[in-house]
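Spelled out from the first residue to the last, the chains are:
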Amino acid sequence: MNFEPVIGIEIHVQLKTKSKMFSSAPTSFGCLPNSQTIPYDLGCPGTMPLVNKEAVRYAIRICKGLNMNINQLVQFDRKNYFYSDLPKGFQITQQEFPIGSDGYLDIEDSQGQIHHIGIERAHMEEDTAKQLHLADMTLIDYNRCGTPLVEIVSKPDIRSGEVASKYVEMIREIVTFLDVCDGKLEEGSMRCDVNISLRPIGSTKFGTKVEVKNLNSIANVRAALDYEVKRQSEILLSGGQVTQETRRYDESKKQTSLMRVKTNAVDYKYFREPNIIPIKLSDEFVKSAIDTMHKLPSVYKKELMDKGLTSKEAEVLLSSRELADYFEETASLNVKDIKTLWNYIMGDIIAYINKEFITWGDLKFTKQNLADFVNMISEGKINSKQGKEVIALMLEKGEDPNKVVKDLGLEQISDQGEIEKLVEEVLASNAQSIADYKAGHDRALGYIVGQVMKASKGKANPSLAKELILKKLG
Amino acid sequence: MSYLDLTIQQMHQALVEGLVTSEQLVKEAILRIKNDKTNSFEALALDQALEEAKKVTSVGEEEILKGIPFLAKDNYSTKGIETTASSDVLSGYVPIFDAEVITRLKNAGAILLGKTTLDELAMGGTGTTGHKGVTTNPYDNSRIIGGSSCGSCASVASGIVPFSLGSDTGDSVRKPASYGGIYGFKPTWGRISRFGLFPFACSLDTVAYFARSVYDIAVLTEILAGHDDKDMSSSYKEVENYSSYLRRENDKKKIGYFKPILDAIDDEKIKNSYFKLLDELKNKGYEVNQYDFPEELLDALYPVYMIISCSEATSNDANLDGVKFGLKPSEEAKTWSEYMSDARTRGFSSLIKRRFIIGSFSLLAENQEELFRRAQKARNLIVEEMNKFFLENDYLILPCAKSVPPKVEDVTNKWSKKPDFIDNHLGIANLGGFPSLTCPLGYENGLPYGVNITGRQYQEGYVLKCGQDIEDVTKLVNSLCFNHKEGI
Numbered sequence: 017m018n019f020e021p022v023i024g025i026e027i028h029v030q031l032k033t034k035s036k037m038f039s040s041a042p043t044s045f046g047c048l049p050n051s052q053t054i055p056y057d058l059g060c061p062g063t064m065p066l067v068n069k070e071a072v073r074y075a076i077r078i079c080k081g082l083n084m085n086i087n088q089l090v091q092f093d094r095k096n097y098f099y100s101d102l103p104k105g106f107q108i109t110q111q112e113f114p115i116g117s118d119g120y121l122d123i124e125d126s127q128g129q130i131h132h133i134g135i136e137r138a139h140m141e142e143d144t145a146k147q148l149h150l151a152d153m154t155l156i157d158y159n160r161c162g163t164p165l166v167e168i169v170s171k172p173d174i175r176s177g178e179v180a181s182k183y184v185e186m187i188r189e190i191v192t193f194l195d196v197c198d199g200k201l202e203e204g205s206m207r208c209d210v211n212i213s214l215r216p217i218g219s220t221k222f223g224t225k226v227e228v229k230n231l232n233s234i235a236n237v238r239a240a241l242d243y244e245v246k247r248q249s250e251i252l253l254s255g256g257q258v259t260q261e262t263r264r265y266d267e268s269k270k271q272t273s274l275m276r277v278k279t280n281a282v283d284y285k286y287f288r289e290p291n292i293i294p295i296k297l298s299d300e301f302v303k304s305a306i307d308t309m310h311k312l313p314s315v316y317k318k319e320l321m322d323k324g325l326t327s328k329e330a331e332v333l334l335s336s337r338e339l340a341d342y343f344e345e346t347a348s349l350n351v352k353d354i355k356t357l358w359n360y361i362m363g364d365i366i367a368y369i370n371k372e373f374i375t376w377g378d379l380k381f382t383k384q385n386l387a388d389f390v391n392m393i394s395e396g397k398i399n400s401k402q403g404k405e406v407i408a409l410m411l412e413k414g415e416d417p418n419k420v421v422k423d424l425g426l427e428q429i430s431d432q433g434e435i436e437k438l439v440e441e442v443l444a445s446n447a448q449s450i451a452d453y454k455a456g457h458d459r460a461l462g463y464i465v466g467q468v469m470k471a472s473k474g475k476a477n478p479s480l481a482k483e484l485i486l487k488k489l490g
Numbered sequence: 058m059s060y061l062d063l064t065i066q067q068m069h070q071a072l073v074e075g076l077v078t079s080e081q082l083v084k085e086a087i088l089r090i091k092n093d094k095t096n097s098f099e100a101l102a103l104d105q106a107l108e109e110a111k112k113v114t115s116v117g118e119e120e121i122l123k124g125i126p127f128l129a130k131d132n133y134s135t136k137g138i139e140t141t142a143s144s145d146v147l148s149g150y151v152p153i154f155d156a157e158v159i160t161r162l163k164n165a166g167a168i169l170l171g172k173t174t175l176d177e178l179a180m181g182g183t184g185t186t187g188h189k190g191v192t193t194n195p196y197d198n199s200r201i202i203g204g205s206s207c208g209s210c211a212s213v214a215s216g217i218v219p220f221s222l223g224s225d226t227g228d229s230v231r232k233p234a235s236y237g238g239i240y241g242f243k244p245t246w247g248r249i250s251r252f253g254l255f256p257f258a259c260s261l262d263t264v265a266y267f268a269r270s271v272y273d274i275a276v277l278t279e280i281l282a283g284h285d286d287k288d289m290s291s292s293y294k295e296v297e298n299y300s301s302y303l304r305r306e307n308d309k310k311k312i313g314y315f316k317p318i319l320d321a322i323d324d325e326k327i328k329n330s331y332f333k334l335l336d337e338l339k340n341k342g343y344e345v346n347q348y349d350f351p352e353e354l355l356d357a358l359y360p361v362y363m364i365i366s367c368s369e370a371t372s373n374d375a376n377l378d379g380v381k382f383g384l385k386p387s388e389e390a391k392t393w394s395e396y397m398s399d400a401r402t403r404g405f406s407s408l409i410k411r412r413f414i415i416g417s418f419s420l421l422a423e424n425q426e427e428l429f430r431r432a433q434k435a436r437n438l439i440v441e442e443m444n445k446f447f448l449e450n451d452y453l454i455l456p457c458a459k460s461v462p463p464k465v466e467d468v469t470n471k472w473s474k475k476p477d478f479i480d481n482h483l484g485i486a487n488l489g490g491f492p493s494l495t496c497p498l499g500y501e502n503g504l505p506y507g508v509n510i511t512g513r514q515y516q517e518g519y520v521l522k523c524g525q526d527i528e529d530v531t532k533l534v535n536s537l538c539f540n541h542k543e544g545i
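Protein sequence lines, in the order shown, are assigned to chains L and V. So the mapping is simple: the numbering used here equals the position in the first sequence, first residue as 1, plus 16. So the mapping is simple: the numbering used here equals the position in the second sequence, first residue as 1, plus 57.
No lab work stands behind these hints, which were simulated from the structure alone. C-beta: ideal position from N, C-alpha, C; glycine also. A couple of the hints might just be wrong.
Examples of chain V residues toward chain L, derived with CB under 7 Å [as the list claims (entries may be wrong)]:
hint, residue
1, Lys163
2, Asn164
3, Gly166
4, Cys259
5, Ser290
6, Tyr293
Label pairs and their calculated CB-CB ranges [said to hold, decoys possible]:
hint, chain 1, residue 1, chain 2, residue 2, range
7, V, Asp286, L, Asn50, 23 to 29 Å
8, V, Ala321, L, Ser298, 31 to 37 Å
9, L, Asn50, V, Glu118, 18 to 24 Å
10, V, Asp286, L, Met153, 47 to 53 Å
11, V, Asp286, L, Glu338, 34 to 40 Å
12, L, Lys171, V, Asp286, 51 to 57 Å
13, L, Ser249, V, Asp286, 41 to 47 Å
14, L, Thr308, V, Gly342, 45 to 51 Å
15, L, Val282, V, Asn540, 45 to 51 Å
16, V, Leu76, L, Ser298, 20 to 26 Å
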């Protein structure tokens, strides 16, 4: 029997606002434990939630990026449960009326097939405190407590680990391009839980679902789901039953392991947060949040493709907004051939950045320098071999390529008269090759071109040289 | 006569004229605290108070509260003063911030002497359930003063301070005010910031206060009301000059009452004074109408109030788990859940646990529709009916209680199966967020009873004006337990 996985994903996105969701405490990361708190964050009696306007703005942008309907009446609910990382004994969230509903993303898989993935809801809530479990005690750091989160819940529309990981990647791109979250799964600023069940292909019923937590990279999302598909298929094929449980992904073993069996779901006793009177967002507020938001990756992609890149080439540039912006800004500086630019950025330059652990902003040369350089290549002013030398100097010393070319005397000879002179000299001393060429040996032509290049110390424009040779040989 | 026996208005005048100093007032208040027999106090800050009082060397005409001592119910966060809400679960909790109302009073120059007892976590109406035991009535120590703001009420009725802060979720200021023969006022929900008030049931909770004249209540309202950025539910509506309402002609004079509530009162003295008051008000040009408030909605008052308040309370008090502050759990507790269970098991009395269980039960997914949501629907019906009432009437005026303060031994914390309307009608003002004032009305065998006025939302000025007209009839200004007047 063949099975089809049914996958749904919940993603918690930590917003990069300066202060917390309902308190004025800063959200700074990596500070001394419990230094970024005010009484509200500790659940001190009498403190009250104050909705962070900027967080609402960020949430609106996320909703827009995910093609969602935006609910302009902002309301919050309490989710009640006891836990040591939850100082108030409840979390303020948006259970009944999430700010965003009914969105989607279209995901292209490696076969080029498009998957339309529905997004059920996006809601604002506050993060919990961070716990450090030691051998004989648990320490609590309330710095994270109250950090704004947007939880994005997909519909169970995903059918493979590949599409699941692409979905997460796409959301990571969207929130980082919008600059509302730094999108670091490994640091927990973006957290991902997946639900997966299997069912016989053709069936419309859902199987028993398993939740997998602790997916701290996009690669692990796929690996964990692929593992679960295998594990659950084996259980089902051997006549067993999948148990409803929560599992965690163990990166070193490359497998999931049981965290806890889900018994009856916890009853969170939701009810409306009485201290926040529903807030009606004005049309202007929503509009301005959207008007001032950064360009979405899908827009970049379209623009890049319009400029002549393939879908794949464009997508590679979307791995970070810094890269995409760098590319786009350089391309706008009168670059003649966008593919040459792509080749250098995704080749020599990115290799250098990765090697040196620097960012795009750290590059020593200007974008105009790079544009000039790329044009020299595409216009044949220097050849690719010379290009290697020039870009290396640009990367290491931040040199202006025009100056490098001049200093090293690299500029190609494109003057027809000058090359013609060289061609005549070479032809005069290579009678055998001329004979070979005329006898139909095409390789002889390459040899002659090579000789012209040699005579010019590599500076002759090779295509022009070839053209002139052919003319002379009739 | 001591200057401490005066109203805020009179005391202020004496301070302005230099007839008395703030230090003398505070010293006298400390003496009275030490001799008090009502068990009204939690943590006190007498040394600091005296220090502050010594700094007050002159008082200007405009500085109405400067140098005047006051007390606050122990469910207001007070920086540096242990605040327990009369519950063991908070023992040892010393807040690091002042409630907004404490800040406003301090900024106005008032001097905080300390904190007063309450029914544990403000849940209760008898003043007998706090962790320090029973707070009694200064008129008769064998009787209750009522709650939950018991200590604050007793200390104003017994002349220790001219005003005090209480809080009102069901009638927690307005019922005790009746038993203490003083004024107790709860403004519109949202009129005063609740920042720093320990929540019992946020949608019903209101900052409220006791004083010994309507004028004093008006002055306090002017100081306490107004938007606060720390409480999103506090209104931006302009704060009016409430005291200016008191001496001008009232242009709203329609009084309504509910007959079933009067029928439920057996005490003839209370009823007679009430109708006598209505007659006096008619003489002042008021019109009095009987309004047929559906009895089934009156019946619903108690269950609706209990379900909503317990539900909110079970969530509001979930922070009291011994992890961050308050009661230290035993060494035995090994896991976080044992730790929390231990703190909550030892920290709360069984009465509180009963409320939590009712609240929790009402909120469970399987019960929520039938209990919590149904209670909210019923609340809406009650409020709609009141809004209808206010189309034809400006004030709802009713006796506060069916009797003078009962004996401690006659008070039960058991819940009645068939609650009387008369025990719960003051809660209408909380369900609808209406401003509501209790005024002293008279005395029976030397024990006080009061009358209540409830008005439209944000019509504090009118409610207080009506209260002033009542005060003019009863002449009950500054009526204290040791030299009370007669009333009507």
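Going through the hints against the structure:
{"no.": "1", "hint": "Lys163", "in the structure": "violated, 16 Å"}
{"no.": "2", "hint": "Asn164", "in the structure": "violated, 18 Å"}
{"no.": "3", "hint": "Gly166", "in the structure": "violated, 23 Å"}
{"no.": "4", "hint": "Cys259", "in the structure": "holds, 4 Å"}
{"no.": "5", "hint": "Ser290", "in the structure": "holds, 6 Å"}
{"no.": "6", "hint": "Tyr293", "in the structure": "violated, 12 Å"}
{"no.": "7", "hint": "Asp286(V) to Asn50(L): 23 to 29 Å", "in the structure": "holds, 25 Å"}
{"no.": "8", "hint": "Ala321(V) to Ser298(L): 31 to 37 Å", "in the structure": "violated, 49 Å"}
{"no.": "9", "hint": "Asn50(L) to Glu118(V): 18 to 24 Å", "in the structure": "violated, 48 Å"}
{"no.": "10", "hint": "Asp286(V) to Met153(L): 47 to 53 Å", "in the structure": "violated, 38 Å"}
{"no.": "11", "hint": "Asp286(V) to Glu338(L): 34 to 40 Å", "in the structure": "holds, 37 Å"}
{"no.": "12", "hint": "Lys171(L) to Asp286(V): 51 to 57 Å", "in the structure": "violated, 40 Å"}
{"no.": "13", "hint": "Ser249(L) to Asp286(V): 41 to 47 Å", "in the structure": "violated, 57 Å"}
{"no.": "14", "hint": "Thr308(L) to Gly342(V): 45 to 51 Å", "in the structure": "violated, 59 Å"}
{"no.": "15", "hint": "Val282(L) to Asn540(V): 45 to 51 Å", "in the structure": "violated, 59 Å"}
{"no.": "16", "hint": "Leu76(V) to Ser298(L): 20 to 26 Å", "in the structure": "violated, 56 Å"}
Hint violations for this structure: numbers 1, 2, 3, 6, 8, 9, 10, 12, 13, 14, 15, 16, all remaining hints satisfied.
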